[in-house]
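Those protein sequences? They're chains V and W, same order as listed.
Here this note's numbering is used: the first residue of the first sequence is 1, the next is one more, and so on.
Here this note's numbering is used: the first residue of the second sequence is 790, the next is one more, and so on.
Read the hints as simulated data drawn from the structure, not as lab findings.
All of these numbers come straight from a predicted model, not from anything done at the bench.
Keep in mind that a hint or two might mislead.
To be verified - Think about it this way: if two alpha-carbon atoms lie no more than 20 Å apart in a straight line, the pair counts; the simulated EDC-like pairs of lysine to aspartate or glutamate are:
#, chain 1, residue 1, chain 2, residue 2
1, W, 791, V, 113
2, V, 609, V, 445
3, V, 704, W, 880
4, W, 791, V, 115
5, V, 9, W, 880
To be verified - So the derived label-pair ranges between C-beta atoms look like this:
#, chain 1, residue 1, chain 2, residue 2, range
6, V, 527, W, 804, 35 to 41 Å
7, V, 32, W, 790, 43 to 49 Å
8, W, 845, V, 121, 37 to 43 Å
9, V, 188, W, 823, 36 to 42 Å
10, V, 583, W, 845, 35 to 41 Å
11, W, 791, V, 158, 54 to 60 Å
12, W, 823, V, 483, 32 to 38 Å
13, W, 790, V, 211, 53 to 59 Å
14, V, 762, W, 823, 46 to 52 Å
15, W, 823, V, 121, 51 to 57 Å
16, W, 859, V, 73, 26 to 32 Å
17, W, 823, V, 240, 27 to 33 Å
To be verified - So, partial list: chain W residues that the calculated Cβ filter (under 10 Å) puts toward chain V:
#, residue
18, 812
19, 880
20, 932
21, 946
Ideal placement from N, C-alpha and C gives every residue a C-beta, glycine not left out.
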Amino acid sequence: MNAFSAIGKRTPKVFGLAQVTGREQYSSDISVPGMLHARILRSPHPHAKVINIDTSPAESSGAVCITFKDVPQVKFNLRLVSTPETTYKDWKVLSREPVYYGEPIAAVAAETEEEAQRAMKLVEVEYQVLQPILDASEAIKPDSPTVHEEILLKDKQLTVENNIACKLEFADGDIEAGYKEADLVLERKYRSSRRYHAQLETKSVVCKPEPDGGVTLWSTTQTIHNSRILIHDVFGIPMHKINVKKIALGGSFGSSIHTNITALIAVALALKAKKPIRISLTREEDMHDHSSFSMLFRIKAGVKNDGTLTAGELEMLMDVGSHQIQAYPLLGCVFGWWASFYRWRNIRYTGKAVYTNKVPSCAMRGYGNPQTSWMVETFMDEIAEALHMDPIELKKKNYIGLGEVFWGQGPSVKSVIRSCGVEEMLNKGSTMIGWTRRHRPGEGEGVLRRGIGLGRGFHTSSAGAPLSGSVIDYSGATVKLNEDGTVDVVTALMDQGGGAYHAIAKIVAEELGVPAENVGMVQADTQTTVYDVCTHASRGIYAGGGAALNAAVEVKKKLLAYAARILEVNQDALKIKPDPELGQGIIYVEGFPNKRITVGEVVAHAWTKNWGSIAATVSYRPTAGPPHFTTFFVEVEVDIETGMVTPIRVVAGADVGTVVNPDLAAGQIQGGFAMGLSMTLLEDTPYNDRTGDLANRGMLVDYKLPASLDVPPLDNFQVFFADTYEPTGPFGAKGLGEGTYNPVAGAICNAIYNAIGIRFYELPITPERILAALKERRARKQEEAIATS
Amino acid sequence: MKLVQIDLILNGKPVKVLTKPNQTLLDLLHNDLRLTGTKKGCDRGDCGACTVQINGRAVNSCLVLAPQANGQQVTTIEGIGSYERLHPVQELFLDLDAIQCGYCIPGMIMCAKALLEENPNPTTDEVRSYISGNLCRCTGYLHQIAAVKQAAAAMQTKK
Numbered sequence: 001m002n003a004f005s006a007i008g009k010r011t012p013k014v015f016g017l018a019q020v021t022g023r024e025q026y027s028s029d030i031s032v033p034g035m036l037h038a039r040i041l042r043s044p045h046p047h048a049k050v051i052n053i054d055t056s057p058a059e060s061s062g063a064v065c066i067t068f069k070d071v072p073q074v075k076f077n078l079r080l081v082s083t084p085e086t087t088y089k090d091w092k093v094l095s096r097e098p099v100y101y102g103e104p105i106a107a108v109a110a111e112t113e114e115e116a117q118r119a120m121k122l123v124e125v126e127y128q129v130l131q132p133i134l135d136a137s138e139a140i141k142p143d144s145p146t147v148h149e150e151i152l153l154k155d156k157q158l159t160v161e162n163n164i165a166c167k168l169e170f171a172d173g174d175i176e177a178g179y180k181e182a183d184l185v186l187e188r189k190y191r192s193s194r195r196y197h198a199q200l201e202t203k204s205v206v207c208k209p210e211p212d213g214g215v216t217l218w219s220t221t222q223t224i225h226n227s228r229i230l231i232h233d234v235f236g237i238p239m240h241k242i243n244v245k246k247i248a249l250g251g252s253f254g255s256s257i258h259t260n261i262t263a264l265i266a267v268a269l270a271l272k273a274k275k276p277i278r279i280s281l282t283r284e285e286d287m288h289d290h291s292s293f294s295m296l297f298r299i300k301a302g303v304k305n306d307g308t309l310t311a312g313e314l315e316m317l318m319d320v321g322s323h324q325i326q327a328y329p330l331l332g333c334v335f336g337w338w339a340s341f342y343r344w345r346n347i348r349y350t351g352k353a354v355y356t357n358k359v360p361s362c363a364m365r366g367y368g369n370p371q372t373s374w375m376v377e378t379f380m381d382e383i384a385e386a387l388h389m390d391p392i393e394l395k396k397k398n399y400i401g402l403g404e405v406f407w408g409q410g411p412s413v414k415s416v417i418r419s420c421g422v423e424e425m426l427n428k429g430s431t432m433i434g435w436t437r438r439h440r441p442g443e444g445e446g447v448l449r450r451g452i453g454l455g456r457g458f459h460t461s462s463a464g465a466p467l468s469g470s471v472i473d474y475s476g477a478t479v480k481l482n483e484d485g486t487v488d489v490v491t492a493l494m495d496q497g498g499g500a501y502h503a504i505a506k507i508v509a510e511e512l513g514v515p516a517e518n519v520g521m522v523q524a525d526t527q528t529t530v531y532d533v534c535t536h537a538s539r540g541i542y543a544g545g546g547a548a549l550n551a552a553v554e555v556k557k558k559l560l561a562y563a564a565r566i567l568e569v570n571q572d573a574l575k576i577k578p579d580p581e582l583g584q585g586i587i588y589v590e591g592f593p594n595k596r597i598t599v600g601e602v603v604a605h606a607w608t609k610n611w612g613s614i615a616a617t618v619s620y621r622p623t624a625g626p627p628h629f630t631t632f633f634v635e636v637e638v639d640i641e642t643g644m645v646t647p648i649r650v651v652a653g654a655d656v657g658t659v660v661n662p663d664l665a666a667g668q669i670q671g672g673f674a675m676g677l678s679m680t681l682l683e684d685t686p687y688n689d690r691t692g693d694l695a696n697r698g699m700l701v702d703y704k705l706p707a708s709l710d711v712p713p714l715d716n717f718q719v720f721f722a723d724t725y726e727p728t729g730p731f732g733a734k735g736l737g738e739g740t741y742n743p744v745a746g747a748i749c750n751a752i753y754n755a756i757g758i759r760f761y762e763l764p765i766t767p768e769r770i771l772a773a774l775k776e777r778r779a780r781k782q783e784e785a786i787a788t789s
Numbered sequence: 790m791k792l793v794q795i796d797l798i799l800n801g802k803p804v805k806v807l808t809k810p811n812q813t814l815l816d817l818l819h820n821d822l823r824l825t826g827t828k829k830g831c832d833r834g835d836c837g838a839c840t841v842q843i844n845g846r847a848v849n850s851c852l853v854l855a856p857q858a859n860g861q862q863v864t865t866i867e868g869i870g871s872y873e874r875l876h877p878v879q880e881l882f883l884d885l886d887a888i889q890c891g892y893c894i895p896g897m898i899m900c901a902k903a904l905l906e907e908n909p910n911p912t913t914d915e916v917r918s919y920i921s922g923n924l925c926r927c928t929g930y931l932h933q934i935a936a937v938k939q940a941a942a943a944m945q946t947k948k
């Protein structure tokens with residue numbers, strides 16, 4: 001029973017009008033008087049040394065140029081979410097020794113983009129070409145070419161051995177004893193692909209130099225404060241002179257958790273040119289700018305005949321590309337995701353991150369959880385089959401739920417699960433999809449084979465925890481009342497499309513008792529906001545909303561104190577509720593109709609009587625990162641002549657605690673499904689071994705993404721929410737953004753198995769791979785038939 | 790390079806503008822004329838974020854050279870509705886939560902508008918097919934398809 005006035009209700013989308021009328025400004029839309037346009041000169045070799053670089057031909061045409069000679073020789077990591085002690089640094093603003101095809105070498109600014117491009121072509125560079133290494137399994141062997149000789153950990157020099165960027169090991173319990181206890185021990189290997197985020201807005205920045213030696217930036221970032229701190233770290237500009245503006249972000253999916261190197265290049269150019277600089281990457285450059293982490297897994301587990309797990313082991317090798325952005329924390333997160341899925345009981349984990357001369361990898365929606373979920377859920381499907389058990393029963397027996405420890409973003413980020421709707425979703429979802437009606441794997445006739453699969457999963461709501469570990473996670477907000485009763489919410493938290501702003505506005509409205517339309521989200525900047533670490537880890541509602549809620553609580557106290565003074569009543573007797581007709585929050589005393597005043601009247605009174613502003617600024621550290629859980633039941637159809645896989649029906653359950661934005665939440669789930677569909681069937685960025693470049697040269701035409709024809713009809717996509725309440729979340733809410741994506745690949749893979757009886761251990765499962773597997777099975781069956789005849 | 794003058798009807802108003810002959814219509818609109826609602830997503834006709842209408846027809850403006858717009862009627866997202874009065878497609882996109890990051894939205898709306906002017910009562914399959922050149926990485930398309938269908942119904946009722 002929803003007793004809320006704003007939470008869970010439909011309200012006008014914050015900034016929605018600007019979005020539908022084309023008035024919403026993104027970084028790539030910003031124009032500043034006197035602005036120059038810049039183009040980046042990029043390495044045409046996957047590994048090389050710059051022997052000589054001559055920019056004079058470009059400069060004589062009037063362009064402004066920078067090379068490694070013009071930038072601070074500081075090494076850094078573009079991402080500042082990890083504490084300094086756990087931050088590995090191997091980046092420079094402009095490289096003298098490019099380690100991937102496309103690495104920035106120089107930048108050229110001119111009056112127009114075309115002039116900058118022409119001038120850039122005049123820059124003469126002499127390279128000494130070095131041997132690259134493109135395969136992670138090869139890179140880790142001794143005698144492989146070295147990507148980096150030395151890097152920094154915080155400010156300590158580290159020699160890189162066998163291209164290992166970083167590693168992590170963890171064990172608990174007695175794994176050999178666990179295996180001995182088991183009736184069945186299963187071991188499998190999996191390989192995920194190197195996806196590209198394909199966010200619609202390419203990375204862009206406008207940097208304006210200020211008269212006091214500072215800079216103002218508009219850039220594609222998920223964290224304005226970390227961008228500011230990094231610019232300070234690299235260029236030495238005092239932070240109060242660096243202003244990073246909040247601006248709409250055209251999607252990100254993790255690719256802007258770190259400050260983009262383009263922003264640092266723009267700062268360097270702006271300082272030299274003493275003019276504003278705009279850089280907007282082409283789509284091809286963007287695909288050379290970032291990718292997700294591809295992973296090789298070896299998973300092993302012991303299980304009893306009754307389905308109880310006795311031991312679990314995971315070995316993971318991940319390809320970080322040529323620079324570390326988020327490698328070390330990811331090792332811990334993959335451990336955390338795997339360890340939090342099921343009670344493996346005795347565990348052992350080894351994670352290794354390896355350098356290759358490829359596009360740098362960074363977090364992509366789910367941060368290792370999509371790959372891990374795919375692996376775990378298909379592995380558990382196999383275990384269930386081996387035990388002649390329904391996968392749902394196996395999951396119910398072993399899943400980590402209420403009251404247990406969740407290792408999300410672990411191992412230093414742990415909290416106890418206080419809300420969990422896993423069983424409710426498994427039960428309801430299985431009924432809705434018709435789980436018991438599914439046929440045995442591969443049983444079917446004709447060209448079109450249908451199958452149903454299940455994948456469950458979760459993700460965090462922030463990286464909060466009771467103790468402070470190696471991950472920085474806190475947020476802040478200012479809430480202030482205006483003289484007409486409307487509200488400003490000022491926060492550094494970004495909204496990359498997930499609806500955090502919309503949720504925060506509702507949370508503040510709910511707490512203050514004002515109509516949701518009266519709450520405005522301010523597009524602020526680093527100068528006017530307190531710190532927020534980043535919009536990632538699905539923390540927008542939980543941490544950002546938590547901060548705003550705490551600020552609203554303070555504001556409400558002050559508001560009621562003023563109202564009590566005006567009405568001459570006891571403050572504790574006052575309540576506030578929104579009046580949609582009046583368009584105001586009404587402060588009243590139950591049973592006393594003459595003791596009533598609007599929020600606007602109180603603020604206006606305080607204004608004219610010089611009592612002072614009603615506002616509060618709060619910094620909020622979440623002490624938990626509660627998992628939001630999801631389940632996906634998917635029915636697919638496999639065409640055994642073409643290898644095409646079509647999604648037919650989806651039943652998705654989500655446990656997000658209190659649902660703040662029901663319609664946006666459904667949209668997140670649909671979007672997560674579409675992304676998961678293409679992760680499973682389409683996405684990878686293979687390399688050309690000869691050139692060391694992306695095989696598709698960064699062209700979107702050769703990075704297939706699902707379009708409107710590829711998703712199931714709305715009637716066949718059912719979404720439901722578990723009935724749960726998270727005690728640590730604002731009004732009981734948890735996050736959602738990544739749990740909508742993580743389980744999809746596993747569900748689809750299990751559905752394909754149910755359809756055609758073949759398991760796949762490598763993504764993407766392209767039509768070619770399906771046809772090859774079908775062909776190979778036919779050949780094997782023919783051989784068997786011949787052998788037995 | 791010699792600039793050329795082009796005359797076009799832009800969002801219902803006659804406009805004279807000088808342009809480089811090798812500039813795309815997208816760059817003319819977005820950079821020169823500061824109509825930043827039309828977005829660049831790939832500059833190669835693969836994503837649809839730059840969709841505008843030329844004489845009512847949906848086109849990728851990144852694949853049109855600016856001089857080709859000479860003598861034509863060009864409609865951008867800025868020309869179809871505003872705060873006071875939204876086009877039904879804009880309204881339904883808002884009402885049905887068909888927007889997340891918003892970057893694909895102007896192109897998607899322009900494409901949908903062109904569809905409904907060409908085919909006022911499309912089937913769901915016709916909608917799915919028509920907007921299949923507009924990529925969205927956030928929403929999964931389901932609410933957007935529903936919004937276009939409901940906009941069609943709303944526009945029929947108005948008549």
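Hint-by-hint comparison with the structure:
Straight-line distance between C-alpha atoms of residue 791 of chain W and residue 113 of chain V comes to about 17 Å, which keeps the hinted pair within the 20 Å bound. The straight-line distance between the Cα atoms of residue 609 of chain V and residue 445 of chain V is roughly 82 Å, outside the 20 Å bound, and the hint therefore fails. Pair hint residue 704 of chain V plus residue 880 of chain W does not hold up; C-alpha atoms about 30 Å apart against a cutoff of 20 Å. Taken as a hint, the residue 791 of chain W and residue 115 of chain V pair is honoured in the structure, with Cα atoms around 15 Å apart against an allowance of 20 Å.
Of the pairs offered as hints, the one joining residue 9 of chain V and residue 880 of chain W holds, with about 18 Å between alpha carbons and a cut-off of 20 Å not exceeded. Against the hinted window of 35 to 41 Å, the Cβ-Cβ separation of residue 527 of chain V and residue 804 of chain W comes to about 39 Å, which satisfies the hint. Checked against the hint of 43 to 49 Å, the C-beta distance between residue 32 of chain V and residue 790 of chain W comes to roughly 25 Å, which is inconsistent with it. In this structure the supplied range 37 to 43 Å holds for residue 845 of chain W paired with residue 121 of chain V, their Cβ-Cβ distance being about 40 Å.
The hint said 36 to 42 Å for the Cβ distance between residue 188 of chain V and residue 823 of chain W, and at roughly 56 Å that hint is violated. At about 40 Å, the CB distance of residue 583 of chain V to residue 845 of chain W agrees with the hint of 35 to 41 Å. In this structure the hint that residue 791 of chain W and residue 158 of chain V lie 54 to 60 Å apart at CB holds, the actual value being about 58 Å. Taking the beta carbon of each, residue 823 of chain W and residue 483 of chain V are about 34 Å apart, inside 32 to 38 Å as hinted.
About 36 Å separates the C-beta atoms of residue 790 of chain W and residue 211 of chain V, a value inconsistent with the hinted range of 53 to 59 Å. A C-beta distance of roughly 48 Å is found between residue 762 of chain V and residue 823 of chain W, which places it inside the suggested range of 46 to 52 Å. Here the CB-CB span from residue 823 of chain W to residue 121 of chain V is close to 28 Å, at odds with the stated 51 to 57 Å. A C-beta distance of roughly 52 Å is found between residue 859 of chain W and residue 73 of chain V, which places it outside the suggested range of 26 to 32 Å.
In this structure the hint that residue 823 of chain W and residue 240 of chain V lie 27 to 33 Å apart at CB holds, the actual value being about 32 Å. The interface hint given for residue 812 of chain W is met, as the beta carbon of that residue sits about 8 Å from the closest beta carbon of chain V, less than 10 Å. The interface hint given for residue 880 of chain W holds, since its Cβ lies 8 Å from the closest Cβ of chain V, which is under the 10 Å cut-off. Hint status for residue 932 of chain W: holds, given a least beta-carbon distance of 5 Å to chain V, under 10 Å.
Restraint check, residue 946 of chain W versus chain V: the minimum CB separation of about 20 Å is more than 10 Å; hint violated.
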